[in-house]
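> Single-letter residue listing:
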Amino acid sequence: MDMALGVTIAFWILAAVTVGAAVWLVTTRNVFHAALALIAAFFGFGGLYATLSADFMAAVQILVYAGAVAIVMVFAIMMTAHQREDAGRFQAPAAIMAVVLAVIIGFSLLQTTWQISSAQPAQNTPPILAEQLLGPYVLPFEIVSVLLVSAMVGAIIIARER
Amino acid sequence: MEVGVNHYLVLAGILFSIGLYGVLSRRNAVVMLMALELMFNSVNLTLIAFSRWVTPSLLTGQAFAIFVLTVAAAEATVGLAIVLAIYRNRASVSAEQVDELRG
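Read top to bottom, the protein sequences are chains A and B.
For the first sequence, position 16 matches number 16 in the numbering used here, and the numbering has no gaps at all.
So the number in the numbering used here is just where the residue sits in the second sequence, counting from 1, plus 1000.
To be clear, the hints were calculated from the coordinates, so they are not data collected in a lab.
What you are looking at is a predicted structure, and each value in this text was computed from that prediction instead of being measured.
Incorrect hints may appear among the rest.
[Claimed, not checked] Okay, the calculated bits of chain B under chain A, using three or more residues with CB under 8 Å as the criterion: (1) 1006–1019; (2) 1024–1036; (3) 1060–1068; (4) 1071–1081.
Cβ atoms here follow ideal geometry from the backbone N, Cα and C, with glycine treated the same way.
Bound conformation, chain B alone (with noise of 0.2 Å):
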């Protein structure tokens, strides 16, 4: 059977869905990371799985991966330089015991 578009999106849909029960259930902020990164790489499929059967020629998904990529990885800075401020601060990485905002 030929590989079409839809199995891609449905790949990166069980793959996104992954990376959520992986944020959503590990406790260690380094790991959540991790999942998070496995989502935006889902994602960045489907714009790559669309830009070769809607846009073929024009490339516009890659054009935009190329965008989400960058974000991501600019999250991914930013993201661990928390995780370090915190793990400075408290010397634990784990989510639970960041609760200074909590009302």
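So that you can see chain A by itself, here it is in the shape it has in the complex (with noise of 0.2 Å):
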């Protein structure tokens, strides 16, 4: 009882800033400002697939999203100049579609009865992530590690001078 009572203020504190470094990466005017929303929604984004005791994916979560990816969006904002831009014309339309988009999700979501598993979640998710990833999901696994070998040629290749 007390687990779930930790998971639940968790859940709620995480969801409080993540929701809050979202919506201060998409209305911040400044883009470091932005890079660093992004990394406390990655760690946000951690923190919520600990509470779902998916502990390998956040790890992976820390190391690729607030590590990785973190680092490409730092390095590409200090090759390129930024200068600050003013409020742009779409503001009103995106928003407007924003708003539609997650009262159609939510209201989607409500409606469905999915299912639900009784069962407790797994304790020790690698060594079933390993049976699942090289078992029944051997064909996408090598796909997608022919996926990123090309993106990574391809990006070398696209963003070398010449």
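From the two separate chains plus the hints, produce the assembled complex.
So this is what it looks like as structure tokens:
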């Protein structure tokens, strides 16, 4: 019971942090502040994965997103010049679109009954994930590794000075 | 009140919508890519929430989340390389100035 209460409190705190960081990301006019907000949101997502008993995914989230992707974003900011952008023309239509989408998503989610399993979540996830990735999902696993290599080579070729 | 699958799904829907607002309203291509990463992450959150409540012992959702994460990493690399190439050619990262393909 104490465990469930802790998870509930952690969920609400992490949800507030993540939504706050996301709002900061899309509203700030400073590109570097946006990068900081993105990193805060990545940590919030990592915490949310931890509350879902997804220990490996939480670690990967911190390593790949808060580590690698954040560094790549900061490099992209440093290599390009940014002037403070004024409010875009599409701000009001974009806000309307986003609110409509959120209402549609929320409505359809709450109308659906999911097939909830009563089993307890797995405690030690990496071995199960390894069996999934190298068992039934071995073909997508290989395809995604080819995609990653080709994306890296493509990024080098596109970004190279000539 | 116990936190259930709907809490996480609604949270992910809100975060996805915020990311969509960022992609549509901003003109800085780097910030657009950041908002796109936010959308990818909220999709991963739904997958892991389903993994927790629908397939708690098989972890199918988490396996899918790993694939989404890989594709998102590839997208970030190629996207930022394209931004750098555009910046090198026209010294700007504003998405409004990239209109060579406009008919």
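> Which of the listed hints are not met by the structure?
No numbers; nothing is violated.
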